[in-house]
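Let chain A serve as the given structure and place chains B and C on it in line with the hints.
Chains as they are written, first to last, in my numbering: chain A, 1 to 244; chain B, 1001 to 1300; chain C, 2001 to 2345.
No lab work stands behind these hints: they were computed from the structure. We treat Cβ as the ideally placed atom computed from N, Cα and C, and that holds for glycine. Some clues are possibly wrong.
Not close to chain B: a few residues of chain A, all C-beta gaps over 10 Å, as computed [to be verified]: (1) Asn-8; (2) Val-52; (3) Ile-67; (4) Asn-111; (5) Glu-181; (6) Ala-185; (7) Gly-208; (8) Gly-216.
Derived, one-sided and incomplete: chain C residues facing chain B with beta-carbon distance under 10 Å [as the list claims (entries may be wrong)]: (9) Leu-2123; (10) Phe-2124; (11) Ser-2132; (12) Ala-2160; (13) Leu-2252.
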Amino acid sequence: MSLLALSNITIRYGRLTAVRNVAFTLTEGEILFITGPNGAGKSSLLRAIAGVTPPAGGRIDFAGADITGRAPEDIARMGLSMVPEGRDVFGSLTIEENLLVGTGMHARERNWRSRAATELEAVYDTFPILKDRRHSQAGLLSGGQQQMLVIGRALMTNPRLIAIDEPSLGLAPNITDQVYERLIALRAHRALTLLIVEQSSTRAQLVGGRMILMRGGEVLLDGDARAMGQSEAMQAAYFGYGDH
Amino acid sequence: MQTIFDALSLGSLYALGALGIALIFGVMRLVNFAHGDVISFSIFALMWPSTDAMAVVFAGDLPWFLLIPFVLAVGAGLSVLSEIVVFRRFRRANPATMMIASFALGFVIRYFLLMLFSSRPKSISLLPALSQPVEIFGARIPLLQVITICATIAMLFALTAFLKRTRFGLEMRAAAENFTMARMLGVRANRVIMGAFALSGALAAAIGLILAAQTGTADIQMGAAVMLMAFIATVIGGLGSLPGAVLAGFLLGAASVVMQTVLPIDARPFRDAFVYGAVILVLIFRPQGLIAARGTKERV
Amino acid sequence: MAIPSVARRTISTPIILALILVALALLAVASGSRPFNQTIIDVFLRVILVVGLYIFIGNSGVISFGHAGFTCLGGYAAAWLTMPPMMKETLLPGLPAWLMALQLPFWAGAIFAALWAAIWAALFGKILMRLSGIAASIATFAMLAMINTIYSNWESVTAATSSVVGIPIIRTIWPYMIAAILAVFIAWAHAISRAGLALRAARDEPTAAAASGIDAPRERLIAFVISGAVMGMGGALFAHSIGVVTPDTFYLTLTFTTLSMLVVGGMGSLSGAVLGVVILSSLIQGLRWLEAGITVGTTTFAIPNGLQEITLGVVMILILVRRPSGIMANSELSWPRARPEKPGE
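Just chain A, same shape as in the assembly (with noise of 0.2 Å):
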């Protein structure tokens, strides 16, 4: 059954147009690659799915209620769990605070600390980094620590899809493996739905799953991600030869 739908979404800034009839749907317990060069729109996508920039035109669904325009918390409170780019950590809060910020929303429900206890002893167990310096500002951490602790702090909310803008943006290679592994192995153990938006296509091939290929604001192509592999159509939307 789909979880997230998007339809004929449109989004523009002033009297540029960013995404231009974007659709697709995602299924509950898929992973889904958006890629595409610089300026394609998947950041753009992601902010108007996350209800930070609302479309100009078209219909967001998720978990069978349309979203489209609602306030970003409400959508985060739904279920869908937003990782921006530039992973946005609360610099001067402790690694702790930061994770448990999200944790609030869950906070009319029965016993809801001790399930954010639980929560948070999952989260160090998944990035034990995190637990040895929970006391300290979440600024000082180096660029993959913080690229953790946004994974981490997005699973507090228990979500049932996170979004992640560029995981592996300024990361050292070894370091991208290591967040790639934990996002896998969160998502067999948790049963999430994974939306992850990659400037290349490697890592998506390499992972496997279903990739969306974005240029100039609309989708080029939707298939399986290895089985896209190096296509004519690839090279010309990373390129920019071809028709368009």
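Positioned in the frame of chain A, the structure of chains B and C alone reads:
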């Protein structure tokens, strides 16, 4: 000795004012010019409308343990109301527009008070027991000054505890640093902003109480003077940085009092010019403020 | 310095604005009413001041709280230069002898007042224009407060907080109209000049502008000095319109009324600056009439005192809710069918 206490108690007022402005700036990038008028309003809430020179007391005679919460609640209430009625409509507006809107709102509050109470300052005796002097280290200090300083310190501790130890405080700190990210983690924007307004309004009311008790008068203009200094303190402290606001508030208070004593007699009337000159110097050398807040750097 | 084609394309804006101002003046003359004449003079004065503010704020994007300080400098300079020496000896005994003996016609006084304000704008600006954003705003406010403190306390040359009276009063409307139109054309000329273009580029795209060699502090300083001069001229005429100056005439209230008019009209638009003044001034005037009372038949309706200001505040908030970027936003008035453009773009 007297100088130190003067500096501390003046600094307390500025620090509380700066905190109130910094709290709101932190969560919504609004420089709230209506803050000074919230200060005035909280005091006039103690009286029945009248144009007499003597205040016709309404809630001013309450015992202190009811009086103080009442005034704080009035300040918080007015502040939250201003957010719901006015500022909520400016969420996407640029800072200059919000600033002018806050100024217009302050204007409305001020003239509303003026309609009810006229512009003449009123004498009001609040907590008269506090004006007796006490002896500390051989100096006679007004008890009120001591209480002002202690109350400010207590409020700073309470606020710190609130921000550090409660879930709501955590959400506020996160929102102050990166509002969009906090919302993406399910933090409710409106609640956090209303919380900031409530705290800020209560702080404004506390300033009003202290001012009224210190001067024995209620004056529609009295909020404005403190607010201007507090506003400057907020910027020098590093806009959005709460510790910075407090530090700068005390520094400004100290600078005013110290300059009053060290300047040669002829230059004393120009004291404020020196204080403002110092402000410009600080800004030139630390344009981001003494303690630069994260996430408030101007976007390039 | 203006590029001719740009000048031709945008000249319609200042011409339209000038025509509006001329129309107002004619209206005042035609009405023959003394109070209405004074009202229109006030409108022209505010146009000068708000356009002066626009030259700096509109082009640099930096909100200044300090420009009323230049108006103060200009107003007092006019007093020093145009008051009869006899009056000066009693009121301002500390003035130097040459200044004491001097009595210029009002227009010459206004020119020197503008220069005097410009000199101080250059001195202050040299230091302040290194700052940007809110730090710059606060620094300009600190400058205003410094000027106000000095003028409020320097007994022998400013009479401290007491009023300086005896400034020749000019009651004809034409000098004010000419000055307002002059201010509009100065603002337009600056906006389409290389300096104005560079400053707006630095406002909109700071990084790109810096990369292409624009020295933002320098361009800001130029705008600061020009706007300081216009504010100084406005201050001088202000003094001549009522014949009295006090330091607090040129302090917070003036700062906020002029800023409000600019923001309501549209911060980034010269037309907005003028229209903001005209619209808010008409509103204020209308409310004053209501406050004085309207007689319908035998009954007089009047709104209570204070309601004027409250209504003004509420209307301002409502306008800003509807038009967060001001009435004109970033566009300018121009001939119909011409492309709507900012000057110089």
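Worksheet item: Taking 10 Å as the cut and beta carbons as the points, is A:Gly-208 off the interface with chain B?
Response: Holds, since 28 Å exceeds 10 Å.
Worksheet item: Would the hint on C:Ala-2160 stand, with a C-beta cut-off of 10 Å toward chain B?
Response: holds (8 Å)
Worksheet item: Should the label of A:Val-52 as a non-interface residue stand, given a Cβ cut-off of 10 Å to chain B?
Response: Violated, since 6 Å does not exceed 10 Å.
Worksheet item: Just checking, A:Gly-216 versus chain B, shortest CB gap more than 10 Å?
Response: Fine: 26 Å to the nearest Cβ keeps A:Gly-216 off the interface.
Practice prompt. May I ask you to test the interface hint for C:Leu-2123 with respect to chain B, counting a Cβ-Cβ separation under 10 Å as satisfied?
Written response: violated (12 Å)
Worksheet item: Any CB of chain B closer than 10 Å to the CB of C:Leu-2252?
Response: holds (8 Å)
Worksheet item: Given C:Ser-2132 was flagged as interface, is its beta-carbon under 10 Å from a beta-carbon of chain B?
Response: Holds, about 7 Å.
Discussion item. A cut-off of 10 Å on Cβ-Cβ distance, and A:Ala-185 was said to be off the interface with chain B. Does that hold?
Written reply: holds (23 Å)
Discussion item. The output says A:Glu-181 does not contact chain B. Does that hold with a beta carbon cutoff of 10 Å?
Written reply: At roughly 24 Å from the nearest Cβ of chain B, A:Glu-181 sits farther out than 10 Å, so the non-interface label holds.
Worksheet item: Was the hint right that C:Phe-2124 lines chain B, CB cutoff 10 Å?
Response: holds (9 Å)
Item to complete: With 10 Å as the threshold, tell me whether A:Asn-8 passes as away from chain B on beta-carbon distances.
Response: holds (24 Å)
Item to complete: Please confirm whether A:Asn-111 is truly not at the interface, meaning its C-beta sits more than 10 Å away from all C-beta atoms of chain B.
Response: holds (15 Å)
When held up to the earlier numbered hints, the structure conflicts with 2 and 9 and fits the remainder.
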